[in-house]
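Given the coordinates of chain A, work out where chain B should sit on it, guided by the hints.
As a plain string of letters, each chain reads:
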Amino acid sequence: MKVKETIAFIGKADDSSSSLIRKLARKNYPLVLVTKDDPDLVKLSGQILDETPQADVEIIDCVKEGCWEADVIVLANAVTPEPEWVENIKAVATQKILVYLSFTEKDATYPVEMTKALRWLMPHSKVVQARLNPVSQVVDIAGEEEAVATVIDIFSNTDYKTILKPFIET
Amino acid sequence: MFELLKQKITENISINEDEFDFCKTLFQPKKLRKKRFLLGEGDVCKYTAFVEKGLLRSFIIDEDGAEHILQFSLQGWWAADLSSFLTGEPSSYNIEALEDCELLLITKPSWDTLLERIPAFERYFRILIEKNLIVTQGRLIASFSNTAEEKYHKLIQTFPHILQRVPQHMIASYLGITRETLSRVRKQMASRK
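Protein sequences appear in the order of chains A and B. Under this note's numbering, the first residue of the first sequence carries the number 1, and numbering increases by one thereafter. Under this note's numbering, the first residue of the second sequence carries the number 1, and numbering increases by one thereafter.
The following block holds chain A by itself, in its conformation from the complex (with noise of 0.2 angstroms):
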């Protein structure tokens, strides 16, 4: 039995972040959708549910408890790392895989100041560059070796395409 990661989701859903986060319910991750008033998220939550009752979804209002219980972390549609928001989640997020996922189909270069910024403030997180083209489905994905590993191991298992790419520093 494969025990698979929880994946805390942090950002705004819209459409390229829904189908997402339906596939990897479909898949069977846990998966913890942290939103204090996102009424488009929680609705998501709840046609998950609806559509595969199995799923293992739930919302959290907590970032911190979110990310305590998460393996992974993702932050998507450009959720800024405030200061102040890096010091509530730091202690929890310890050697967890953080994900900056941004959705685009131009092929244009990564948040890089983001992870950058990301990278300097929890640097005992692993940090990985991720870039999803809704279009193609697929799913530029750079960062440490072994956090990379499992980043496209998920990302894979969602039926996305995967493409390694060097981490981009500047």
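Okay, the calculated bits of chain A under chain B, using three or more residues with CB under 8 angstroms as the criterion: (1) 57-71; (2) 93-99.
Lysine-lysine pairs mimicking DSS-like chemistry, simulated, CA-CA at most 30 angstroms apart: (3) A:K90 / B:K35; (4) B:K34 / A:K64; (5) A:K165 / A:K12; (6) A:K23 / A:K36; (7) A:K27 / A:K90; (8) A:K64 / B:K24; (9) A:K2 / B:K46.
The set of hints was computed from the structure by calculation and includes no laboratory data. A virtual CB, placed ideally from N, CA and C, is assigned to each residue, including glycine.
Relative to chain A, chain B alone:
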């Protein structure tokens, strides 16, 4: 977080604050809810877990689908399939939370880093492994030579409050006896009080 780990470590070795601060950066704090699994049969055991709060059980499932509990891990104890953790081979263990747990997980690479950077931890983990070996040998010998009553008595000595936290069928599985035998032993012991 980390107070109990520090207490357990410093019961066995001396480390300074800087060394413990470094040690903390290698552990992954993890809340594991009741009935969720830390390890499944066939997976490689990626973590050794220190239990800060809660209770885990390690068990195997035989060909007939019967569960056999090898170990309960209480607060202040460690849980892992050490063989799989050290060799990277798939595990035959399942490790499940019997209560909501707060764990501190360490991977093999982080474990190696810890031993390399702070050699006192070699002594700490040697002591842990020695204790584990003694307990494992004791369980093996008891399984061949002890009566059901002796096994039950030993369980209560080792885990004084386990009966309030674990269902009877799991106690029976841990002792390697049937539920009926467990029930008979408990009645006999109660009648002697």
